[in-house]
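Make a model of the complete structure from these sequences and hints.
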Amino acid sequence: MALLATLLALRNDARILKIPPYLSAFLILIGVAWLLVLPLDEYSRNTYVSENALLPGQVHTYFTGSEHDVFRAYRHEVAGLVDLPAQQRSDKLSELLRASNLKVATQKYTYTPSGRNISDENVYAVLQGPRADATEAIVLMASLKTMDGEHNYSGVALVLALARYFKRWSLWSKDIIFLISGDSTSGPQAWVDAYHDAHDPTTIESLALKSGALQGAVGVEYPAGPWGHRYDKLHIVYDGTNGQLPNLDLFNTAVNIASGQMGIGCTLQRMWHHGNSYPERLQTMLRGMLSQGLGHATGPHSAFIPYHVDAITLVTVGDGWHDEMGLGRTVESLFRSLNNLLEHLHQSFFFYLLLEAKRFVSIGTYLPSAMLIAANFSITAIALWVRSGRPQEPTPNPAATKPVPRSASQDAATESDHKRKEQEQSQQEDERKAVEHSTVIAIKDGATAIIPTEVLQISERPLFLPTAFVIIAHFLGLIPLAAFNHIPVEELRSSFLLAANLTTLLPLATAYFLSQFNRPTHQESTLIHCFSLLFLGMYLSALATLNFSQSLIVGLLTAPLSFVRRGKGGLVTALQFALLVAINPVMVVNSATYLSKVELLDVLVKAAEGWHIWGMWTQVVVWLVWWPAWFCGSVVVALGLF
Amino acid sequence: MALEPKQKAALFAAAAAVRLLLFQTFPSLPDRLTGRVELSTPVSSFKRLQEGLYLYTHNVSPYDGGVYHQAPLLLPLFSLLPNASDHPFATNLLFTIVDLLSAHALAQIADSGCAAATRLFKSSRHGLRWSSAAIVAGFLFNPFTLATCMARSTTTLTNLFILTAMAKACHGASTTFLLAISAASYLAMHPILLFPPLLVLLYDARAEKSQTAPNPWVFTSVHTLGLFVVGGSLLFASALLTGSWDFLEATYGVRLLLPDLTPNVGLWWYFFTEMFDSFRDFFLGVFWLHVASYTPGLTIRLRTQPLFVATTLTGIFAIFTPYPSVADAALYLSLVPLFRHLFPLMRYTFLASAAVLYASFLGPAFYHLWVYAGSGNANFFYAITLVWSLGLSIIVGDSLFAALRDELDVQRPELRDKEVKRI
Numbered sequence: 001m002a003l004l005a006t007l008l009a010l011r012n013d014a015r016i017l018k019i020p021p022y023l024s025a026f027l028i029l030i031g032v033a034w035l036l037v038l039p040l041d042e043y044s045r046n047t048y049v050s051e052n053a054l055l056p057g058q059v060h061t062y063f064t065g066s067e068h069d070v071f072r073a074y075r076h077e078v079a080g081l082v083d084l085p086a087q088q089r090s091d092k093l094s095e096l097l098r099a100s101n102l103k104v105a106t107q108k109y110t111y112t113p114s115g116r117n118i119s120d121e122n123v124y125a126v127l128q129g130p131r132a133d134a135t136e137a138i139v140l141m142a143s144l145k146t147m148d149g150e151h152n153y154s155g156v157a158l159v160l161a162l163a164r165y166f167k168r169w170s171l172w173s174k175d176i177i178f179l180i181s182g183d184s185t186s187g188p189q190a191w192v193d194a195y196h197d198a199h200d201p202t203t204i205e206s207l208a209l210k211s212g213a214l215q216g217a218v219g220v221e222y223p224a225g226p227w228g229h230r231y232d233k234l235h236i237v238y239d240g241t242n243g244q245l246p247n248l249d250l251f252n253t254a255v256n257i258a259s260g261q262m263g264i265g266c267t268l269q270r271m272w273h274h275g276n277s278y279p280e281r282l283q284t285m286l287r288g289m290l291s292q293g294l295g296h297a298t299g300p301h302s303a304f305i306p307y308h309v310d311a312i313t314l315v316t317v318g319d320g321w322h323d324e325m326g327l328g329r330t331v332e333s334l335f336r337s338l339n340n341l342l343e344h345l346h347q348s349f350f351f352y353l354l355l356e357a358k359r360f361v362s363i364g365t366y367l368p369s370a371m372l373i374a375a376n377f378s379i380t381a382i383a384l385w386v387r388s389g390r391p392q393e394p395t396p397n398p399a400a401t402k403p404v405p406r407s408a409s410q411d412a413a414t415e416s417d418h419k420r421k422e423q424e425q426s427q428q429e430d431e432r433k434a435v436e437h438s439t440v441i442a443i444k445d446g447a448t449a450i451i452p453t454e455v456l457q458i459s460e461r462p463l464f465l466p467t468a469f470v471i472i473a474h475f476l477g478l479i480p481l482a483a484f485n486h487i488p489v490e491e492l493r494s495s496f497l498l499a500a501n502l503t504t505l506l507p508l509a510t511a512y513f514l515s516q517f518n519r520p521t522h523q524e525s526t527l528i529h530c531f532s533l534l535f536l537g538m539y540l541s542a543l544a545t546l547n548f549s550q551s552l553i554v555g556l557l558t559a560p561l562s563f564v565r566r567g568k569g570g571l572v573t574a575l576q577f578a579l580l581v582a583i584n585p586v587m588v589v590n591s592a593t594y595l596s597k598v599e600l601l602d603v604l605v606k607a608a609e610g611w612h613i614w615g616m617w618t619q620v621v622v623w624l625v626w627w628p629a630w631f632c633g634s635v636v637v638a639l640g641l642f
Numbered sequence: 001m002a003l004e005p006k007q008k009a010a011l012f013a014a015a016a017a018v019r020l021l022l023f024q025t026f027p028s029l030p031d032r033l034t035g036r037v038e039l040s041t042p043v044s045s046f047k048r049l050q051e052g053l054y055l056y057t058h059n060v061s062p063y064d065g066g067v068y069h070q071a072p073l074l075l076p077l078f079s080l081l082p083n084a085s086d087h088p089f090a091t092n093l094l095f096t097i098v099d100l101l102s103a104h105a106l107a108q109i110a111d112s113g114c115a116a117a118t119r120l121f122k123s124s125r126h127g128l129r130w131s132s133a134a135i136v137a138g139f140l141f142n143p144f145t146l147a148t149c150m151a152r153s154t155t156t157l158t159n160l161f162i163l164t165a166m167a168k169a170c171h172g173a174s175t176t177f178l179l180a181i182s183a184a185s186y187l188a189m190h191p192i193l194l195f196p197p198l199l200v201l202l203y204d205a206r207a208e209k210s211q212t213a214p215n216p217w218v219f220t221s222v223h224t225l226g227l228f229v230v231g232g233s234l235l236f237a238s239a240l241l242t243g244s245w246d247f248l249e250a251t252y253g254v255r256l257l258l259p260d261l262t263p264n265v266g267l268w269w270y271f272f273t274e275m276f277d278s279f280r281d282f283f284l285g286v287f288w289l290h291v292a293s294y295t296p297g298l299t300i301r302l303r304t305q306p307l308f309v310a311t312t313l314t315g316i317f318a319i320f321t322p323y324p325s326v327a328d329a330a331l332y333l334s335l336v337p338l339f340r341h342l343f344p345l346m347r348y349t350f351l352a353s354a355a356v357l358y359a360s361f362l363g364p365a366f367y368h369l370w371v372y373a374g375s376g377n378a379n380f381f382y383a384i385t386l387v388w389s390l391g392l393s394i395i396v397g398d399s400l401f402a403a404l405r406d407e408l409d410v411q412r413p414e415l416r417d418k419e420v421k422r423i
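If you read the sequences in order, they're chains A and B. 1 is the number of the first residue of the first sequence in UniProt numbering; add one for each residue after it. 1 is the number of the first residue of the second sequence in UniProt numbering; add one for each residue after it.
Hints may contain errors.
Quick partial rundown of chain A residues pointing at chain B, CB under 10 Å, derived from the structure [stated by the list, open to error]:
1. GLN244
2. PRO306
3. VAL386
4. MET538
Because the hints were derived from the structure by calculation, they are not lab data. We put the CB at the ideal spot given by N, CA and C, even for glycine.
Written out as structure tokens, the structure is:
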């Protein structure tokens, strides 16, 4: 408290109010610079497996020889059944799995996001571990379609072949579940929801067959057709829904086994060629952050991670000399490692940014950058709060020692006050007396200064209008949030255009409407700005702990809000408003899709799918955090135009 | 600035509409909120009440199974209502009405004006106050109050009785005051610590009313006796109801000895999860002594402003009792606006409100990381409860400073607006 008191005493220094914009800019710069140095050797670390039980690559793998023929046979079977209707396909797959002496069940599911119909069927089999007591299970899965929409012939065949192969081993101390899902994201989601009884039984079938708590899940995507295709590298996909990540140990084990034991190179974040140079590391990191920030499902594994089941997907990429048996042995070895686990993966990091397959940055090192950017909003909010308590009009003659005559309107206001509140008259007179001493003599460090009292006084802050405005702005965000999640596909694009126009015009219209009532006053608009930034800083610092990248991206895109101010019209205000129009969340989405050459409609459809199926929260952040902050800032700036 | 009937009706109707609308449009929300540790503690959770109710209606002692830790007399009350999981409307209506009654009591406190001017003390800024309507709206539309009401935490009942006791004390109504304070203490135990300051408040109100001040000794002993009689009869009724005195251990015993370490927004649970058993009894004593010690100290020092003492004590309860929840903070934060005249003297309002705001967003986020995502641990949530408590204790400390400074301004008017240092 003593320290705070000293700091608060500093309020009287007029210079202190000049600092915050520079401080905010400085924090943003440091935040960005912080991010840029992360790929350097000094700030990142080599990965290591910290869970002792895993012992990656310590076992000999036997998935070779005649298993290869079995695999090829399965691949032909799969090639024959992928185009069948779901029911027949499931029957055939069930038959194949049942032939390996496994318990088999199927699950139908139907989702209807934005008026589309996504329905398919999952087939899964449970291998009861000979040394297991059905309390723990690990999942091996392949979807019939890969994330890129190709048929996952060899992936499914590999799961079938491994199911047959694993069944003959007596060393499993956990149950193994083999899951063949209808599609790559909603199928696993339906299955894992139903596994944890978190599904809607009217559209998603409950599971007839279950095992113990899931300890890990591995997906395989290998889209080579019936005649095979040799691949170059394994692409390890690890982002979960809402940017949650699997334990780093699982990723490390996979990399360790693939590259160390099998000699298969590993890559991540679609960096097909990684020379381990600074720009490539940075690019990998930024791609990882973007993927995390979008919060979308990146593969069949994504559905598992919100349930605290660590999961990754192995995708084969490129043309090379590695064959399907190499992938099979990798999975075998990986499962032998997971089989060793004595407790849930917990030793290693849950929050990390990967720079390449064997290098990462941990949360302690990277978190400050997002926090600095979130803090910049809080600092500006505090500065605006202090400013709102100061006289809004500059003192006409700061050096005058006699009181400046009050303006007529102020006098009139005081007169009426006097009439209304007789009992407060004496108090008002006291204040009048106080104002008459219009200067204060401050002596500090031997220097004497005459300061106008007005500068030191804190004026009363009207809180009702600003608070109500900011709260209403947040509630307004609910409208587009609900709309975009429920509008049918055909009308999505036109609604998006409508939203783009409306959101741009709304601040202008609001500002014009408010200015008709001569409200908000300058002080109130400062407070609106202050509260919206305070909320933004608060949301972003909370978000940084849940989804670091999302918080950082939103923080950077809203950074200009710290620096815009209500002006008095003219070019500066117009330019500020133009800048704000450009960073309107709707506009940002639009330009981002344009720049990355992604179809806008796809993004909107995926977003609605994410909301209804994956439990994705990105649009909540966009509409209830980002948009209200932008709206409040834009209204404050637009007020200067009228 | 008394609350006009029309205004009051509009406010109450709006508050009731908001609550019932929320209950109706989001039928899963109450259950979700009931499961939040921030809102439901082992001694106030609606879920546990339902468990107790089930046992009670099946003629099993509600305290068998060690889940239910609330007062026995709640059971016959709630057993009159239809089952909350099938027909939630009656329960929802009850909690809405409880909130409205609390607001009514708060309006009475605000109308009486005893926050700024009492028999022995009149603040130099007593003209500075918010209208009762604003204070009541601040209570009814406070998101914390709303969330507590939606979570159907039984702390709302305790809050109702505390507010009623304050209101009755302000108006010098002895009997209803005794009934209310006994009911509050019966439900939650710690409100008994509010008895001394509220007794002073009652005495002041009575003295002002009757011109001749009653004899303080007689007054105190009569009312203390009254408290014992009413409280005792409530306990006796409970014993008759449950058939034994076992309920004492399951209700007050749990509050005193903290056997249930379910996380909450308070400071106790983490300490006692970490503590070696041999130190447990000692620290239980120290922690309870700490909570209790504020009552005599504040009541003596600020005896001229008893309502402020009671308000500050509710703030202390929200921080330092073993099972506090957001509901306790909601009560305190609704009472603070009564002291509008102290606001100009408070120095850390922005800091404190920012801390409380940040904590109320980071708390659920960190709890999610710990319990659901599995990527955090208990320290995450505990760190946020520290920030939350810090925010509240800054408000408590700062308002205490303001009250003392206000007192000084009355005693030494020449020092007004001057910087003073304590030597």
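Inset, instruction - Would you pick out the hints that fail for this structure and give their numbers low to high? - result: Violated: none.
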